[in-house]
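Could you put the whole structure together from the sequences, leaning on the hints where they help?
Number of protein chains: 2
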Amino acid sequence: MKSQTALLYFCSAMNIILIEKDERFFPRYDERCVHIRKILKKKAGDLFSAGEVNGPEGRALIERLDETGLSFSFTAERPSAPLHPLVLLVGFPRPIQLKRLLRDVSSLGVSSVLLSGTDLGEKSYRESNLVDRGSASASLREGAVQAASTAIPSFSLCDSIDDALRTLPDAAQRVVLDVEGAVCPLAEMSGDRPTAERPLVLAVGSERGWSARERDLFRLSGFTVCSLGSRILRTETACTAAVSVALAKFRLW
Amino acid sequence: MKSQTALLYFCSAMNIILIEKDERFFPRYDERCVHIRKILKKKAGDLFSAGEVNGPEGRALIERLDETGLSFSFTAERPSAPLHPLVLLVGFPRPIQLKRLLRDVSSLGVSSVLLSGTDLGEKSYRESNLVDRGSASASLREGAVQAASTAIPSFSLCDSIDDALRTLPDAAQRVVLDVEGAVCPLAEMSGDRPTAERPLVLAVGSERGWSARERDLFRLSGFTVCSLGSRILRTETACTAAVSVALAKFRLW
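Protein chains in written order, with this note's numbering: chain A, 1 to 253; chain B, 1 to 253.
What the hints contain is simulated information worked out from the structure, not anything from laboratory work.
Heads up, some of the hints might be wrong.
The list cannot tell twin chains apart, which means a pair is met if one copy fits it or any two copies do.
[To be verified] With a straight-line Cα cutoff of 30 Å, these simulated DSS-like cross-link-like pairs (lysine-lysine) come out:
hint, residue 1, residue 2
1, 123, 21
2, 21, 41
3, 21, 38
4, 21, 42
5, 38, 123
6, 123, 43
7, 43, 21
8, 123, 41
9, 123, 42
Here's what the structure looks like:
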């Protein structure tokens, strides 16, 4: 970002320009065109770093830049760096926090986010119009762009933890973060280095935490209860903290 | 938070009511009074969890609640839980990110935040009126309240990394997060468990990173260069991630 103006356009940095497969033109007011013109100050003949959504990364060459928009060619140079084998199962945060949470965990490179209703969660959060696949996908994409990655985490909405648990792969390793009943700190959990075949599921509650019923469900589904210290963290702070500790513990960082 | 109304009042949860030493009355529209009335739904004779800023935690008894405000008595029950011996040295983020960054690292319990100008940082960020001790203190306090802690991290503004480095205690262990020249991932840094006498300084750059000059300064000041993976993280995501990994590595969590 080279000017305050940039703040009006973007909430986070555009470290790669994401394109759809075969997309070779941005209309003038497409935010990517605005970014390339106003922030990167590129002209016809210049190159910019680009990549296909969930596809290869490479370089794009600006062929034409005029009042209609920007035409470019794209040369794939390398495959997308794979996402980390971490699945985040998270209770609905407040709407104002949701976009940031999705963007931040996407920038950290989790492979999947399950956003779920919880027994103690505020029902109205779920009804917020911020919670639709469109805006969720946009936030996840923004996080990938921040991280200069073409890989976008998968996303699912679940009505309840019961539903969310049904969607987990059988082979997944499972940890639920909880202030009550933790058997150890997250950093000391026993488990193997997560893989695509055997990912690690990290479950983080919403602001009022888990109900006794949900705690039973997690136990019956083979979750280990771990802690992140005794201080009460916001849902999105806990998500970033839990993902970071897991990435560090299993040397994925 | 028990209602959507709460969203209008607070950006994060009030898990403890912070009071000044000898403060025993909240005017009716003080946010703490509003929270106790509207969210906690307390009445005269009820108790609420409270603590003195940088002082003991305990319980407060509502003695009177009327149109003028709320009068209470306070009983100290335990000393404040100490903050973690971590010092965060961070380059100015965008103004819209600064409040959140301060609140989040305060909720994680760092003992000190040094907010510094950097060679590549956007100068206008520093001039923002968000950057004054008043609003910084308010954000740090909000993070402590979220974490149900009475201890507020100390805060300093520095014009440059040169100035910031001069303020560090000689005995401090020093790590700078950098995408270039890292000798190891943060989780594999060598070092002793931080203590109040020998804290760990974590330096996190602003969005354009460190200049060659600043990298030299860090090296000459005995900083080890560590990484948090290869993905480009926002300044505040990197701060939460770095603090979390350090707390986990040194079993402070």
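Hint by hint, here is what the structure shows:
With identical chains, the CA atoms of residue 123 and residue 21 are never at most 30 Å apart, being 38 Å at best within one copy and 38 Å at best between copies. Taking the closest pair of Cα atoms, residue 21 and residue 41 come within 30 Å of each other only inside a single copy of the chain (25 Å); across copies the shortest separation is 55 Å, beyond that limit. Within a single copy, residue 21 and residue 38 get their C-alpha atoms as close as 25 Å, which meets the 30 Å cut-off; across copies the closest is 52 Å, which misses it. For the homomeric pair residue 21 and residue 42, the shortest alpha-carbon distance inside one copy (22 Å) is at most 30 Å, but the shortest distance between copies (58 Å) is not.
In the homo-oligomer, the alpha carbons of residue 38 and residue 123 lie at most 30 Å apart only across protomers (18 Å), although the nearest pairing inside one protomer, at 42 Å, exceeds that limit. In the homo-oligomer, the alpha carbons of residue 123 and residue 43 lie at most 30 Å apart only across protomers (26 Å), although the nearest pairing inside one protomer, at 49 Å, exceeds that limit. For the identical chains of this complex, residue 43 and residue 21 are intra-copy neighbours only, at 23 Å inside a copy versus 61 Å across copies, given an alpha-carbon limit of 30 Å. Taking identical chains as interchangeable, the C-alpha atoms of residue 123 and residue 41 lie at most 30 Å apart only when they sit on different chains, with a minimum of 20 Å there against 45 Å within one chain.
Taking CA atoms no more than 30 Å apart as the test, residue 123 paired with residue 42 passes between copies only; the shortest distance there is 23 Å, against 47 Å inside one copy.
Checked against the numbered hints listed earlier, the structure breaks hint 1 alone; every other hint is satisfied.
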